Amino acid sequence: MIENIKILYHQGKQYIPNLRTVEAPGIFRGRPIIKLENVDNEALKDCCPTQAIAINPVQIDLGKCTFCGECAIAFPNKINFTKDYKIATNSLEGLIVKEGDDKPITLNADLIRSEIHRYFKGSLKLRQVSAGGDGSCELELGACSNVNFDMGRYGIEFVASPRHADGIVITGPITENMAKPLQTAYEAIPEPKIVILCGVDAISGGIFVGSPALNRNILKNLKVDLYVPGNPIHPLTFINGVLDLIGKK
Amino acid sequence: MSAIVLKNNQQVPVTSIPVSDYQDFMIFNTSLLKLEENHCVNYFGIPDNKNIKLFCCIANDINQTILVSSSIINQDTSYPSFSEKYLAFEKFEREIHENYGINYTNHPWLKPVRYSFTRKNKENNIANYPFFKIESEELHEVGVGPIHAGIIEPGHFRFLCNGEQILHLEIQLGYQHRGIENLFLQKKKLIERNTLAENIAGDSVIGHTTAFVNLWETLSNTEVSEEIMLNRIIALELERIAVHTGDLSGMCTDVAFQLGSAVFGRLRTPIINFFQQWCGNRLGKSLIRVGTTNFPLTSELRTTLISILDKFEPDFDEMCNNTFHTPTVMGRFEKTGILTNQVGKDIGVVGMAARMTNINRDIRSSHPYSYYTSLAHQPILKGHGDVHSRGQIRREEVKQSIHYIRTLLTKLTFEQKEKNVNPKLSPNSFAISLVEGWRGEICHCAITNENGELLLYKIKDPSFHNWLALTMSVRNNEISDFPIGNKSFDLSYCGHDL
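Just so you know, the sequences run in chain order A and B.
Using this note's numbering, the letters of the first sequence map in sequence onto residues 1183 to 1431.
Using this note's numbering, the letters of the second sequence map in sequence onto residues 304 to 801.
No wet-lab data here; the hints were simulated from the structure.
None of these values were measured; they are calculated from a predicted model.
One should not assume that every hint holds.
[What the hints assert, rightly or not] Computed list of chain A residues with no C-beta within reach of chain B, every gap over 10 Å: (1) 1211; (2) 1273; (3) 1280; (4) 1287; (5) 1311; (6) 1320; (7) 1343; (8) 1357; (9) 1360; (10) 1362; (11) 1403.
[Said to hold, decoys possible] With a straight-line cut-off of 25 Å between C-alpha atoms, the simulated DSS-like cross-links for lysine-lysine are: (12) A:1227 <-> B:492; (13) A:1227 <-> B:614; (14) B:425 <-> B:353; (15) B:685 <-> B:648; (16) A:1217 <-> A:1307; (17) B:614 <-> B:761; (18) B:648 <-> A:1227; (19) A:1227 <-> A:1307; (20) B:356 <-> A:1188; (21) B:388 <-> B:425; (22) B:491 <-> B:761; (23) A:1303 <-> A:1217; (24) B:614 <-> B:727; (25) B:492 <-> A:1362; (26) A:1217 <-> A:1227; (27) A:1375 <-> A:1285; (28) A:1195 <-> B:614; (29) B:722 <-> A:1362; (30) B:353 <-> A:1227; (31) B:414 <-> B:436; (32) A:1268 <-> A:1303; (33) A:1188 <-> B:722; (34) B:648 <-> B:761; (35) B:761 <-> B:356; (36) B:414 <-> A:1362; (37) B:436 <-> B:356; (38) A:1362 <-> A:1430; (39) A:1227 <-> A:1285; (40) B:388 <-> B:648.
For every residue, glycine included, the Cβ atom is placed at its ideal position computed from N, Cα and C.
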């Protein structure tokens, strides 16, 4: 018993007091800023592994970006990734950063269904389904609930059964072999339910675009409430995105 | 001579690999496995006109060599199987059967491996897997998955139980199949392939990407500086510390030991946060690149890393001492999920799962490259083969990796970037690369055509060998002990399904 208390004492306080404002350590690559500088556009487009960069005007689609930073390394005067981790949003247009833009990425309030705030502000239970995910987003979603990030403080938790869940969090590019189980899990969640796509693989297919082993048809019929970019997502991006969605200050 | 003798990270012309008649090919490779120092690291087929050309790679752990042999077989003929003699070939032959429809006359069960989109028989689909059944009024079946209770990847477990006791477990995988091996051929840009390697398995980013870049540099005759190799090895050992620590947390969770679960969980954080400080990604994606590194380990980073390890180590030791002396934990860990040495050898287990049952198998000592040659790595071995052994081995390997990183950091002086990429691969060549990831040996093989383009990219995650070990280890256990048994192996679904 005394041993246990000693350990607790040695660990001290590990939780991050304010998840809304804490600074990400190191060289976190979050929201990019694209300057209006002229560069070799074709070379810029070509250095991206996932065709996330479009030209005329130059823009980056965060739904396709793996945040590898290759473009910023090759064209440091053109592209710079800031430490802004609040990059989750609720529309595909919202994920596109154009050259000259330097404004925070926010959720489009008009697209948030009114019941989401009413029902889920105080408590949100989520069911996670990995559909071809490589395990990295899954590790980071697990980390959301650890003692550092402690997402549970907001009443947001992952649950085991879809019947107990208010929403589904999908990771991975959605494989053919996982398409049906994913559909079954989605249908098992009672209405009203929210849908969150987590990570570049889930949002656009990421590096797996063009693979015949995928089947992304389920997304045609889903209303997605939140897109969380990243490869993998950072816990701070996920938690802040969900808090904005359910309207928690 | 029936085989060519290669070293780790060596390329040879495909024509220099001897082609034997199937009967001789089988006798040669199966007789190699009689010796304990030999094991199969990869065995695969590739279309060759209308036939299938098989390549078998057997590693010899004493001579530090890999024996590669080949044979050409016909799709319409049935062949005797290697698995009849050695179970270690079981899954490789199932994969060859699944992809090319090769029939084996005496294979124990030619069941689908991963329902790859390239499978020969499209009638087979993941919903109609032929599970093993026993007719009995006393037994019952328990089906779990593909979607599990936690935030983990999908796979289906089918238990046959007698009351609470597991008689038999069968694991069906394939849900994560993304067609990665094929994408390596489909995507032509190096950065695309480099990114693909990072996305094979999210918990072994450094391991798989190192295997990829080592292989690519071998095939393209790219020389990289010792400092870059050193960066990669430090990253690999750091990944081992992070995942082993996280797994100890998971094992504590599964035996309801809250303190260990929380403390080990939080101890993983500074290690993966260091990856973020180093390369901007907590799991090390974007760190390893062919012929270069975008993120050299600068002297400030080295100082930070040393101070992180200095703080990490006493906390880790304290928590380990406590965990491995807590009776409720030990009661669940000891004698649970035993994999005996003999069964382990028969299956051909690799990595940590082999070492915990006293099989000395570690690429860092048996097929070392770069600084591993001078480290004279001594694998940590445990003899009981139970959950406790798998916990102990993690504890000691973390300590060993910390020691290695401290040693290697003193050798680093480099801070400059360099870029040395030869885009052209050698034509008509074969190369193999082995890396000891935290889970075990990762093997990547590639074959090029006459224009130096990839003809085949073959990935083998250690989980490919080890899933069978999990099913064998839970027999006669209580079904309630399955979660802890499973977590203690912590095998990869996506690494298996590709």
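Hints and how they fare:
Annotated as non-interface, residue 1211 (chain A) brings its C-beta within 10 Å of a C-beta of chain B; the closest such distance is 5 Å. The beta carbon of residue 1273 (chain A) sits about 26 Å from the closest Cβ of chain B, which is more than 10 Å, so the claim that it is off the interface holds. The non-interface label for residue 1280 (chain A) is consistent with chain B: the shortest C-beta to C-beta separation is roughly 23 Å, beyond 10 Å. Every Cβ of chain B is farther than 10 Å from the Cβ of residue 1287 (chain A); the closest lies at roughly 18 Å, confirming the non-interface assignment.
Not every C-beta of chain B lies more than 10 Å from that of residue 1311 (chain A), the closest at about 6 Å, which undercuts listing it as non-interface. A cut-off of 10 Å between C-beta atoms contradicts the statement that residue 1320 (chain A) is not in contact with chain B; the least separation is 5 Å. A cut-off of 10 Å between C-beta atoms contradicts the statement that residue 1343 (chain A) is not in contact with chain B; the least separation is 8 Å. Not every C-beta of chain B lies more than 10 Å from that of residue 1357 (chain A), the closest at about 6 Å, which undercuts listing it as non-interface.
Listed as a non-interface residue, residue 1360 (chain A) fails to keep its Cβ farther than 10 Å from every Cβ of chain B; the least gap is roughly 5 Å. Non-interface call for residue 1362 (chain A) relative to chain B: violated, since the shortest CB-CB distance, roughly 7 Å, does not exceed 10 Å. No Cβ of chain B approaches the Cβ of residue 1403 (chain A) within 10 Å, the least distance being about 19 Å, so the stated non-interface status holds. Proximity of residue 1227 (chain A) to residue 492 (chain B) is assessed by CA-CA distance (about 12 Å); at most 25 Å being required, the pair is judged to hold.
For the hint pairing residue 1227 (chain A) with residue 614 (chain B), the CA-to-CA distance comes to about 43 Å; that exceeds 25 Å, so the pair is violated. Taken as a hint, the residue 425 (chain B) and residue 353 (chain B) pair is honoured in the structure, with Cα atoms around 20 Å apart against an allowance of 25 Å. A distance of roughly 15 Å separates the Cα atoms of residue 685 (chain B) and residue 648 (chain B); the hinted pair therefore holds under the 25 Å criterion. For the suggested pair residue 1217 (chain A) and residue 1307 (chain A), the alpha carbons sit about 40 Å apart, so the restraint of at most 25 Å is broken.
Straight-line distance between C-alpha atoms of residue 614 (chain B) and residue 761 (chain B) comes to about 40 Å, which puts the hinted pair past the 25 Å bound. At most 25 Å may separate the alpha-carbon atoms for a hinted pair to count; residue 648 (chain B) and residue 1227 (chain A) exceed this at roughly 50 Å. For a cut-off of 25 Å, the pair hint linking residue 1227 (chain A) to residue 1307 (chain A) is broken: about 40 Å separates their Cα positions. For the hint linking residue 356 (chain B) to residue 1188 (chain A), the alpha-carbon distance of about 62 Å lies beyond 25 Å, and the restraint is violated.
A distance of roughly 30 Å separates the Cα atoms of residue 388 (chain B) and residue 425 (chain B); the hinted pair therefore is violated under the 25 Å criterion. Distance hint between residue 491 (chain B) and residue 761 (chain B) is fulfilled; the C-alpha atoms sit about 16 Å from each other, no more than 25 Å. Between residue 1303 (chain A) and residue 1217 (chain A) the CA atoms are separated by roughly 38 Å; this puts the pair beyond 25 Å, and the hint is violated. A distance of roughly 45 Å separates the Cα atoms of residue 614 (chain B) and residue 727 (chain B); the hinted pair therefore is violated under the 25 Å criterion.
Restraint check for residue 492 (chain B) and residue 1362 (chain A): the C-alpha separation of about 33 Å exceeds 25 Å, so the hint is violated. For the suggested pair residue 1217 (chain A) and residue 1227 (chain A), the alpha carbons sit about 15 Å apart, so the restraint of at most 25 Å is met. This hinted pair does not check out: residue 1375 (chain A) and residue 1285 (chain A) have alpha carbons roughly 30 Å apart, beyond 25 Å. As the CA atoms of residue 1195 (chain A) and residue 614 (chain B) are separated by approximately 15 Å, the hinted pair is consistent with the 25 Å bound.
Taken as a hint, the residue 722 (chain B) and residue 1362 (chain A) pair is broken in the structure, with Cα atoms around 45 Å apart against an allowance of 25 Å. Restraint check for residue 353 (chain B) and residue 1227 (chain A): not satisfied, since their Cα atoms lie roughly 40 Å apart, outside the 25 Å limit. Proximity of residue 414 (chain B) to residue 436 (chain B) is assessed by CA-CA distance (about 14 Å); at most 25 Å being required, the pair is judged to hold. Distance check on the hinted pair: residue 1268 (chain A) and residue 1303 (chain A) sit about 19 Å apart at the alpha-carbon level, within 25 Å; holds.
A threshold of 25 Å between alpha carbons decides the hint, and for residue 1188 (chain A) with residue 722 (chain B) the separation of about 50 Å lies outside it, so the pair is violated. A hinted pair counts as satisfied when its Cα atoms are at most 25 Å apart, and residue 648 (chain B) with residue 761 (chain B) qualifies at roughly 24 Å. For the hint pairing residue 761 (chain B) with residue 356 (chain B), the CA-to-CA distance comes to about 14 Å; that is within 25 Å, so the pair holds. For a cut-off of 25 Å, the pair hint linking residue 414 (chain B) to residue 1362 (chain A) stands: about 21 Å separates their Cα positions.
The hinted pair formed by residue 436 (chain B) and residue 356 (chain B) fails the criterion: a straight-line CA distance of about 35 Å is larger than 25 Å. Proposed proximity of residue 1362 (chain A) and residue 1430 (chain A) is contradicted: the alpha carbons are some 34 Å apart, above 25 Å. Among the hinted pairs, residue 1227 (chain A) with residue 1285 (chain A) is consistent with the structure: their alpha-carbon atoms are about 23 Å apart, no more than 25 Å. Using a Cα cut-off of 25 Å, the hinted pair residue 388 (chain B) and residue 648 (chain B) holds, with the two alpha carbons roughly 13 Å apart.
Comparing the model with each numbered hint stated earlier shows that hints 1, 5, 6, 7, 8, 9, 10, 13, 16, 17, 18, 19, 20, 21, 23, 24, 25, 27, 29, 30, 33, 37, 38 do not hold.
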